[in-house]
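Peer 1: Kindly produce the complete structure, drawing on both the sequences and the hints.
Protein chains in written order, with this note's numbering: chain A, 2 to 84; chain B, 4 to 231.
Treat the hints as calculated values from the structure; they're not laboratory data. Backbone N, C-alpha and C fix where the C-beta goes; we use that ideal spot for every residue, glycine too. Please note that a few of the clues may not be correct.
[Unchecked claim] Derived Cβ-Cβ restraints for the label pairs, each shown as a range:
#1 B:Leu-123 with A:Thr-8: 21 to 29 Å
#2 A:Arg-53 with B:Gly-187: 28 to 36 Å
#3 B:Leu-116 with A:Val-41: 46 to 54 Å
#4 A:Pro-21 with B:Leu-228: 16 to 24 Å
Each chain is listed here by its residues.
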Amino acid sequence: MAIDGLTADLRVADVLSRWPVAMRYFMARRMACVGCSMAVFCNLRAVALDYRIPIDQLMAELGDCIAGQFPCEGPIEPAPDGA
Amino acid sequence: MAAVSRMGIFLGLDASALAEVLAAATLATAQAGEAYVCQGDPAHRFYLLVSGRVRLSQVTPEGQQVVMRFIAPGEEFGIVAILGRLPYPVTAEAVEPAVALAWSGEAFNRLILRHPQIGLNGMAMLAERVREFQDRLREAGTQRVERRVANGLLRLARQAGRSVAEGVLIDLPLSRQDLAEMTGTTLFTVSRTLAGWEERGIISSARKRVTLLQPHALVAVAEDLPEG
Chain A
2 MAIDGLTADL RVADVLSRWP VAMRYFMARR MACVGCSMAV FCNLRAVALD
52 YRIPIDQLMA ELGDCIAGQF PCEGPIEPAP DGA
Chain B
4 MAAVSRMGIF LGLDASALAE VLAAATLATA QAGEAYVCQG DPAHRFYLLV
54 SGRVRLSQVT PEGQQVVMRF IAPGEEFGIV AILGRLPYPV TAEAVEPAVA
104 LAWSGEAFNR LILRHPQIGL NGMAMLAERV REFQDRLREA GTQRVERRVA
154 NGLLRLARQA GRSVAEGVLI DLPLSRQDLA EMTGTTLFTV SRTLAGWEER
204 GIISSARKRV TLLQPHALVA VAEDLPEG
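Peer 2: Encoded structure:
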C-alpha cells in the first residue's frame with residue numbers, strides 16, 4: 002500500500018521516527034536496521050540493495066506494515082535467499 | 004547565540020540564561036597540533052568545542068599513547084575541571100584549527116547552580132559517554148580485532164559522519180595509528196584490515212579521510228551478521 006510521504010529516498014531513521022510501527026517490518030525481514038548506527042545515513046533504496054530485495058517489493062511491504070496489513074504480528078517471514 | 008542554544012548542554016535555556024552563560028565564557032582558539040589541555044596539568048577550565056576537531060588521548064604508564072575519542076563541535080571536554088583539585092586525565096589536542104568556549108571550573112559551577120538545567124543536560128551527555136565507553140570495554144574484551152576496527156569506524160561515522168555521494172564520509176583527519184589506538188590494536192592490523200576492506204569496496208581512504216562506501220557491509224562485520 003502506498004503511504005503518503007513514504008519514499009525510497011527516506012532514511013531508515015526518519016522512517017522509524019515517523020512510523021515507529023515500521024520497526025516490525027525490519028525485524029520480520031531479519032534486517033539489522035532497528036538500532037543500527039547507520040540508520041541515519043541509509044535510505045530505503047540502500048536497504049533494498051543491501052538485503053537484495055527489489056525496491057518495489059520493499060516499498061509495498063513496508064507500506065502494508067505501516068497500514069497494518071503486512072503479516073508482522075504472525076509468524077516471522079524468512080527473508081529471501083537467507084539474506 | 005543561536006548556535007550555542009542548540010548545543011546539548013544548553014538545551015532548554017532561555018535567552019537571558021544563555022546570555023549569562025556566554026558572558027562568563029572566553030573564546031579559546033587552537034591551531035592543528037596545539038593542545039588545549041595536557042594530561043596531568045591542574046584542571047582549571049572546562050571547554051565546549053564550537054568548531055574544528057579535538058583528539059583526546061592518554062599516555063599510559065608504559066609510555067603508549069592511546070586515543071580515547073574525538074570531540075566534535077557541540078561536545079565538551081575538560082569536565083573534570085568542575086570537580087576541582089584534580090589533574091586533567093587526558094590531553095586534548097586540536098587536529099584541525101579549532102574554536103572552543105571556555106569557562107573556569109568555578110564559573111561553570113556557579114552557572115549550574117543558577118540554572119540546574121545545565122547540570123541535567125551535562126548528566127545526560129555524560130551518561131551517553133559512559134554508555135559509549137561501556138560498549139568499547141565490552142568490544143575490547145570479547146570481539147575479534149576486525150570487529151573492533153569495524154565498530155570503531157561506525158562509532159566515528161555516527162559521531163562525525165556526513166552523507167556524500169559515495170557513502171558516508173568520516174569528516175575528521177584520521178590516521179591509521181589513531182584508529183589502532185582507539186580500537187586497542189596495532190598499526191599493522193589496522194592497515195591490513197582497512198586494505199582488505201578497500202579491496203572489497205567497503206571503504207575508501209585518502210588523505211586521512213575514510214569514506215564508508217558500503218556502511219551495511221561494515222555493520223555486518225561489526226555485528227557478525229551473516230554475509231549477504
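Peer 1: Against this structure, judge whether each hint is valid.
Peer 2: We went through each hint and held it up to the structure:
1. Look at Leu-123 of chain B against Thr-8 of chain A: about 38 Å separates their beta carbons, and that is not inside 21 to 29 Å.
2. About 34 Å separates the C-beta atoms of Arg-53 of chain A and Gly-187 of chain B, a value consistent with the hinted range of 28 to 36 Å.
3. Distance hint check for Leu-116 of chain B and Val-41 of chain A: the Cβ-Cβ separation is about 36 Å, which falls outside the suggested range of 46 to 54 Å.
4. At roughly 23 Å, the beta carbons of Pro-21 of chain A and Leu-228 of chain B sit within the given window of 16 to 24 Å.
Checked against the numbered hints given earlier, the structure breaks hints 1 and 3 and satisfies all the rest.
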